[in-house]
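Okay, here's what each chain looks like letter by letter:
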Amino acid sequence: MHIVNLDAGTVRAMRSALSQRGSIQPVRIDLRFNGCCDASLGLCTDAVNDDDLTEEFDGLTFIVDRETFRLTGEITISYVSREGGDGYVITSDKAVSEWEGFSMTDIIF
Amino acid sequence: MDNYKLFIDGKFVDAKSGKTFQTIDPGTGAPIASVAQAGKEDAEAAIAAARRAFDKGEWSRMPVKARMAKVQDFADQVAQQGLRLAATESMDAGQIISLAKFMPLISITHMRNLSLAAATKFPWEEEIPVSGNAFAPGREFIRREPLGVCVGIVPWNYPMYIAVWKITPALCMGNTIVIKPASVTPLTACILAEAAKAAGIPDGVINVIPGPGGELGKVLCTHPDVDKVALTGSTEVGREIMRMAAGTVKKVSLELGGKSANIILDDADIDLAVEGACFGTFFHQGQVCSSGTRLLVQSRIYDQFLDKMKKRAELLRVGYQMDARSHMGPIVSKEQLATVERYVKIGREEGAELITGGKRVDVPGMPEGNYYAPTIFARVNNRMRIAQEEIFGPVVSVIKFDSDEEALAIANDSIYGLAGGVFSGNNARAQRIANQVRTGTMWINNYHIFSDFCPFGGYKQSGIGRDFGLECLHEYTQIKRIHVNSMAHNHTNMYFQLISDYKKVDGFTYSAPTTVVSGHGALSSIYKAIVDLGCKRALVLTDPGVKAAGLADLVKNALADFCIGMFDKIPADPDLEAVDAATEAARELKADCIVSVGGGSVMDTAKGVCVTLKNGGKANDYLNFLVLTEPQTPHIAVPTTSGTGSEVTSVAVLTSHAAGRKLFIVDPRISPNVAILDPLFTLGLPKALTVSTAMDAMTHAVEAMTSTMSNLICDGMALQAIRLIGENLPLAVEDGKNEKARINLQVAATMAGWAFTTAQVGLAHGMAHTIGALHHVPHGAACGIILPKVMRYNVETSADKLALVAHALGVNIKDMSEKDAALAAADAVEALMQKVGHPMRLRDVGVPEDNLAICAFHAIADTAVIFNGRPVSDPNDIIQLYTQAY
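Line order of the protein sequences matches chains Y and F. Numbered according to our numbering, the first sequence spans residues 1 to 109. Numbered according to our numbering, the second sequence spans residues 110 to 995.
Read the hints as simulated data drawn from the structure, not as lab findings. Bear in mind that the values here come from a model prediction, so they are computed numbers and not experimental data. Certain hints may be false.
[Said to hold, decoys possible] List time: in silico BS3-like cross-link candidates among lysine-lysine, alpha-carbon distance up to 25 Å:
id, chain 1, residue 1, chain 2, residue 2
1, Y, K94, F, K468
2, Y, K94, F, K613
3, F, K327, Y, K94
4, F, K443, Y, K94
5, F, K637, Y, K94
[Said to hold, decoys possible] From chain F, some residues computed to sit far from chain Y (all C-beta separations above 10 Å):
id, residue
6, W233
7, P476
8, K796
Note that CB positions come from ideal geometry on N, CA and C, so glycine has one too.
Same shape as in the complex, but just chain Y (with noise of 0.2 Å):
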């Protein structure tokens, strides 16, 4: 069973981040709300929890929480350049809101 996938290029930009910032801790995909309807996944370093479903991707670690998984399924996480920013479109075999894989996120340290 496979948490997560992520293409070549999303790995190297996610390393590089960790890496800048000398994060060691691996990547949580959580339920994140924004405001005012519409929750969204997100992206930050946190440690392990005991209900966490944990895989190791290309040498990245990444966390979610088993209830989350339940909701989601599998998680794409893509790392996107668009016309004002770079960032990470993060979207689930089972989608938590109409707007997934509309904007964009970045790793909360």
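Dock chain F against the given chain Y, drawing on the hints supplied.
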């Protein structure tokens, strides 16, 4: 099961792809309707329809009252559908029926209130009475026009009401709109479309396309035919919309998330505060962006408050939303429920204390419903995720604070700034707090109060722009400023002349509002003049010298009981501080009329007082050109010199120490109402002052003739003034008591004042202002010394006018060339000056030679220089002239 279609261009249609989706009742988990699912092509079709409808003009150019009537028809059709809308909203969005039943009513009221405001209160056209540009006269006004095609993206918490928030202002202001309702709650927007159709809203004006935001959002936010995007939704989505909209510079208004602080002070009515806190958090299951989900409770009442709130929260009945007994219904979707649960788990992990709730609620008969208990966390610190991130469910974080300052610091420690509350028994204290919380709405002793005319929107990352109120209507328009040139000729346009060799301004506007009373005994007319002005309380302004000479008392006596006091401290070189001091005296005495008795300094100070007294503040607030829109405090001028002409001019020259130079108030409305030229006031003028003030008047007249703004009326005034001065100054110097000569000099100064107040002055004045400000040389003396030098400088462009000046001064120019006659004018002025004993050189009046260069750099920036007949761009020219005059 009901089926709902897309509404595009006035028709109900299937999606191009044929796709549909089901919408679920969150209370039962069962599907309640099938809805067409819009895709990219449908979005493009809707935008195209909205574009056509806008460009066609039937809606956008409809008279505003007719548009109001159509919106009222729309509101009537919403009323017709009221019951269906309420029930559908309740089932689709999970709103308790006791809330949902009001939604149609407040939606109708919103439509009627805003359409009425748009038709009767909104400033569609606004005159700009003073443009702020003295050099381009004309009619200035603004028109507010619709933006065009708007996109309204509506969230799932108040699907109908927020759709109305977007539709109403867009339509009232002449726009067309594409509405994208939230996919979990699309139905009431579709019913609104039916109401619009039934009301006869023209095809394409409203379009409704339910569908996934991720797919439709990009089209709606990047399409070049969309002019504005209005979102109520998440900050993350709002951020992306701003980014996308930037590509085509669309207008964007965003109403985003919040983590509002509801502050309970220790003097609050505790029972009221508990109700307010519960309502502010648990109303509509906490699915309200303005919810007070950070509850800040002052330490003195913390335990008591928390205990009461726990008990109150546990009395809330969570049940099926269509059950009228329910206080709280279901969370809108399983995904949203999972989010709430995740945050409750985070709260526990962060160490917050769960006081109550934190679990699902089993509602009998509704096993698939998304019910969650009202949840209270205590021992929360503001850095926790449950205090910083919006949960959008029935979860509140209670934070203890000690002082009001600490409460403010906590309240403002958030990326959001949407709303907030203060509960206190002390309005002043509550207001102080409310003023300092950086948020768009503050409720005092209340919560979640929305009102159609009261703007709603966020600070910081809670959004941009406002819903509700006239402020919202403004957001759906754009401003066009229209300037209509008063004198449409290239030779009257000072801007066009910047790239032309033709510098003269042909054409003019002449206005001389001052009533002049002249002659022996004219002073007595002041008694009638003040009555005619409707005044009763005259303050006499004067300087110490005029006071000591007894002249001010003559005026005081002539005013009799109308005189309420005298301010006699005006300095020789009036500055802003002198104006403020005299204004303060006028305010204290409640003066309604200013009578100036003195020379130009006193009269200019009086003009400043009249403006400051009328409009409030300080003199420094009014150093402007042509900005006054009303008559000022009435002013009667009694000149005691024959020089400045200030008794009839529209300019006050005042020294600003901060600016290091003389600055001006220029406005026809500061011309004195009445000028009294009684020779009684100049008979005793010492010889030196007689001479220097007369040279001031001479300079006014000569420069008015050579100015780029010179004109036939002012030339006539100026030439008569020059002749009168030339003939009468030597007589007055010889015999100071020569009343006829004195009267003639007074009239000459007034006529020269009339001349230059329209035609302006020039380089001589710019140079004189500077050495006056920097070296305190009396203005008239400075003018006299510099004038002949500048006359010779201007021969190149103004020989014709200077030849007339020579003639007015008695030079026989019959056989002279124009240039020679012009030069002879300068000679004649110098001859007059020598005859009457006027100082001839700057060194004679204390100007140091090593300062001439600095003076030149100041002088070239003087406003008067703009109008000099010969253009002046090189400070070296001015240095040369100063050197010649030195």
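Hint compliance check: list the failing hint numbers for this structure, sorted ascending.
Hints 2 and 5 contradicted; others consistent.
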